[in-house]
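**Student:** With the hints as constraints, model all of the structure from the sequences given.
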Amino acid sequence: MKLGLIVNPIAGMGGRVGLKGTDGPEMLKKAIELGAKPWAEDRAVDALKALLPIRDSLTIYTYPHKMGENAAKRAGFNPEVLGSVGEETTAEDTVRAAEDMRRVGVDILLFVGGDGTARDVCRAIGTSLVTLGIPAGVKVYSSVFSASPKAGGELALKFLRGEVSEVIEAEVLDIDEDSFREGRLSVKLYGYLKIPYDSNYIPGGKVPSSHSESYDREAIAAELLEVMERDVIYLIGPGSTTKEVMKALNLDFSPLGVDAILNGELIGKDLNERQIIELISGRKAKVVVTPIGGQGYVFGRGNQQISPEVLRRVGKGNIIIVATRGKLESLRGRPLLVDTGDEALDVELSGYYKVITGYREYTVYKVVPASTLES
Amino acid sequence: MGVVKVRRGFHEARWEEPIIFELSNEGERGILIPLDDKIRREVGDVLSSIPEHMRRKDPPKLPEVSQMRVLKHYLRLSQETLGADLNIDIGQGTCTMKYSPKVNERFVAMVRELHPYQDEETVQGALEIMYKLDLFLREISGLDRFSFQPGGGSQAIFAMASIIRAYHKKRGEERDEIITTIFSHPSDAAAPAVKGFKVITIYPDPETGIPDVEALKAAVSKRTAGMIVANPEDTGIFNPRIKEFCDIVHEAGGLCGYDQANANGIIGIVRAKECGFDMGFFNLHKTFSSPHGCGGPAVGALGVRKELENFLPVPVVDYDPERKLYYLNYDLPDTIGKVREFYGVFPVVVRAYAWIMALGEEGLKEVARVAVLNNNYVMHRILREVRGADISYPANKRRIEQVRYSLKKLKDETGVGAEDVIRRMADFGFHLWTSHHPWIIPEPLTIEPTESYSKEELDEYVEALKEVLREAYEEPETVINAPHRSVIHKIEDNSWFSDPKKWSITWRLFLKKHGGKL
Amino acid sequence: MSHPYIPNSVERVKREMLSYIGVSSIEELYASIPEEIRFKGRMNLPEPLRSEYELYRHMREILSKNVSCEDYLCFKGGGTWPHYVPAICDEIAGRAEFLTAYAGDPYEDHGRWQALFEFESLMAELVDMDVVTVPIYSWGHAAGTAMRMAHRINGRREVLIPRTISPERFLVVNNYVDPALKLIKVDYDKESGIMDIEDLKRKISRETAAVYFENPSYLGFIETGGKEICEIAHEMGAVCIVGVDPSSLGVLEPPSHYGADITVGDLQPLGIHMNFGGGLGGFLATRDEEEFVREIPYRIFGLAKTVKEGEYGFGDVLFERTSFEKREKAKEFVGTAAASHGIIAAVYLSLLGPKGMRELGEAILQRSAYAMKALSSIGLKAPKFKAPHFKEFVVEFPGRKSVEEINKELLKERIFGGIDLRKHFPELGNSALYCFTEVHTKEDIDRLVDALRRILG
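Chains as they are written, first to last, in the UniProt record's numbering: chain A, 1 to 375; chain B, 1 to 518; chain C, 1 to 457.
To be clear, the hints were calculated from the coordinates, so they are not data collected in a lab. Zero decoy hints are in this set.
Estimated spans, in silico, between C-beta atoms of each pair:
id, chain 1, residue 1, chain 2, residue 2, range
1, C, M236, B, P51, 22 to 28 Å
2, B, R323, A, E226, 54 to 60 Å
3, C, E291, B, G516, 24 to 30 Å
4, B, P500, A, I54, 24 to 30 Å
5, B, P500, C, E235, 25 to 31 Å
6, B, R323, C, S377, 37 to 43 Å
7, B, E385, A, I54, 39 to 45 Å
8, C, Y20, B, R323, 54 to 60 Å
9, A, E226, B, P51, 48 to 54 Å
10, B, L325, C, G237, 51 to 57 Å
Dumping the calculated DMTMM-like pairs for lysine to aspartate or glutamate here, alpha-carbon to alpha-carbon at most 25 Å:
id, chain 1, residue 1, chain 2, residue 2
11, C, K14, B, E457
12, B, K411, A, D46
13, C, K305, B, E477
14, C, K14, C, E28
Quick caveat, the model's predicted, so the values are computed rather than measured. We put the beta carbon where it would ideally sit given N, CA and C, even for glycine.
**Tutor:** Here it is in structure tokens:
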């Protein structure tokens, strides 16, 4: 059995000293000046300890020193060390490490860090390997992380033993750094990573296996196609659930942007707010969106192109929400959220929606303004 | 005063009993069949009357076991089963595990050898019981006519979906949407889908756990065929605006079906009729005491308003006052046909009839009231005294006959979850159930006391639960690795349930795939 | 006064519990139920029989108005049949543990899981197929499920069924497959009763999801052309479903040997009393192929390892298929069905073993053969169909007295005559379906023939 380990040594340091993240060397310097110790390594050790029962049959592949070698040895393993790094590690090192692990053919790649680390891993290998995030960052919005380092280690153990039959595609989110530091959260959907799934170890509900998640998305697309009307523009928001309808129509699309369909044809791809408004001017239009992120944001996390202006023109009655059953269940009864940036509009958009959750299947679910909830 | 104790010494029977095939010895016989020599002399070799290609050449590879050994084998397996009769069975929430009076088994024995096609005059006793139980359930529900044909709650739901479909088809209306709620039984969604309906499921208000009228308004349309819901729901929460729900569905042109699996706390207090339902069913093997039999056979007694009578499955039982005879009436012009061959599981009907006769109106109301008292007592004890357990939807503390709890706090604080706790409860001789899927409530437990257990028994259950949760805090390994005193040990490797190369659904597959070795 | 079924109906105890909760009456616990919907009237139910003896007398009085097939001779079959139930079957059926268990886990209810796993395994040997589900409601429901499974596998919308299908099962299947499937009836050969192969070839097409037939037929004859029917079905890409009476499988080839993809049937002959039609229990068996197994809507129990070496555990195979996991996405629906009948059938099959099943089949064939001979000797067409039969056959009576009248007179002789076929099979004329099993002695059959001779004059 082979396990890949990548530790982002500076992840999480900013949060501890009151900074919001440590992306970029200036911020890191500031963090170290403020006395932040690298605690990602501690988290890595916690996770790895759970794997000791299979130490004899497990080979850990990792990068030198602070990028994983130290943590592995501290946990009691004798790792295979690949590659080389300089004094200061960068995002590029994470990318190279992930690529090297793929070359080696690890069964699962554990990465210890935050959203930034997840993004780097995603950039390097996408969904070509099974991965799992061990949370050690301030920004941990992506759905790829385990509930805790120990939970992550235990889940990896189960996976290696063949006791986890479910592998799902989980969202990697990309937070706009400048906005974030100014206290505003502006999130984009960056991509997906493949993770083993067990409700006991991943925050969220019991989500069906990827076999049925993809089946569910196809079913939703089938239903959407049946109810779509002629001579109406459909704005298809980002998310693999929404884009399934593009695939069903054999159309080109932008996975992370907003595309437009009219009578089964693509009439706009990766549109920004301006372009959308121009396109729908004076015409009947509907918006198709899916909740993004672990907290279930229908608007405001990754689809800001569908701006308040667009939404006012389209109208509440023309908003179609699609989501797999698993997605709704992972909310554990909490409502879906809207955060368009326009609080009055958020209130208007709130209420109960008939969400398409499958072929001939709907779920009536509550949507509330994000501001009504505690952060 | 009764005694309350936590049975720390309890150990369930553990016979390590082999699979029946492993007991086989060539030549042993369990029972002999009467081969009539006199007949054989008259007819000769009968096997040759079957054409060669249809004659079984290789005998079935059934085990050969002598009689006492077969008896011993199955008696041992029964000892390894925790029936309601043997334990304080309040942990199987939504199942209504109440006392099934033993005297009713004597009555069941009296109807064993009745053939359903016997001339009606020779089964007047059976028909009378069916007729009278129909009348009783009309009083209890306010509905106008009952059929006992459905073989369980899910089949009754299927019958309701069939009736809804037939009703709209007859009126020439294209309606293909059925509304239900996430905390009604999963079959309230699954059965209508079989009948071609689109299913719209309503999630409740996140704070109160009660389905919202606004949600229903979002769900209805001009294609609404009907609504099928439970009330109280599986959380134990009663939707107080249920009449409004039915009104809204009626206004939209749909029919309302009542899943009364959770009737035990409201018999005689709330009826289908006053809530506005057009039809509904009772599980005679839940509320009306027929024993569960490991999972059937059972009866979902289906009732409808007068207007829908003609759609019921055939036959129904009627009484002819002139000839003073009960008879089977197949003349229902719009009948959906049948959901089950013959008339339903008659022994279950007999037991329900006897149970109602033993209790009467006041007795039934007392059943409901004490079930609610017991449930609220247990709930208060758990919430006050058991650390780590919370109620689902804590903003709303009103429950009727059962409660869905959440052990999320326990999980967060100790890493021990609901599934671990239920395995450890087995070590004290108890069942405990989580929830149907999906698990909206994290780490759920559902407890339904019913009216059948004494205060001391309820206390014993709570004490055991307290003990297990205490262990979760102080010695979590004990709970996580449970059970220790049950029939078998923990099953951790789930790959035998999902991997086609491993799954061993039958003994012969086990031999083929694993060589008979675990 | 406290009722024996309600321990906490004792006033003192109620007060203690209310006091702990902090309310003064149970009424307060119903606060969430608004006044407007409360039932305020009286339920018009009889005065309760509070003592057990009174209840016993009452029930005995009503039930004594029944006549059973142990009092009279019963020659009726038609979907549920008079068989002998071994004492051990009743003994296990009556065990409090099995009788009152329900849905416990494979730990504290291990016995129930093992018993049902053994049921699956024993049936698998009887029908010679690798996968058997836990018991289903009835044969009709199992047949309907098998047809829907075929539809899900090949997407087609028609099912061919024999015109001789059991009328009861037809009504069940017809409601069950609507609206997904259309049922088309295939004619039968007037001489032998078996399915008309030419008509089958005419009606089968690329729209056919499945071909279903019963063997033995509802009318008792053996579908000797079973192999050819299955071949024709397969050539057209349709699934072949066969319904069987399991009591025949000691002497008849199981359908899997002549091409069936799915075998269904009823468990009642395997140690379960008729119970006025309540003794039914369906079963469904298929091959261990993912394509089929994934389409099965019911629970399937399977063997598993526990953390202790060599210890048998059990669990649900592919639980995500059933509606408990996936609600309406699921294949059909599943609920409380007929589990205890499965356990009783397991006991029965364990008692009989291979030799017992063969003897059972032989005994039944013997009785039928003797009855045919004896009935023919008084001028009746017995059997009407020129074919080998098992357990049941059609008897045609001369026109002067209807079957209805004959049966009325047989009743006076304390005999339940065969099922009147006039309503469902008018083309068979003045005919009845007679059933003979191992419970009938030569004297019983002689008594029947004797009575008929007198009645027919």
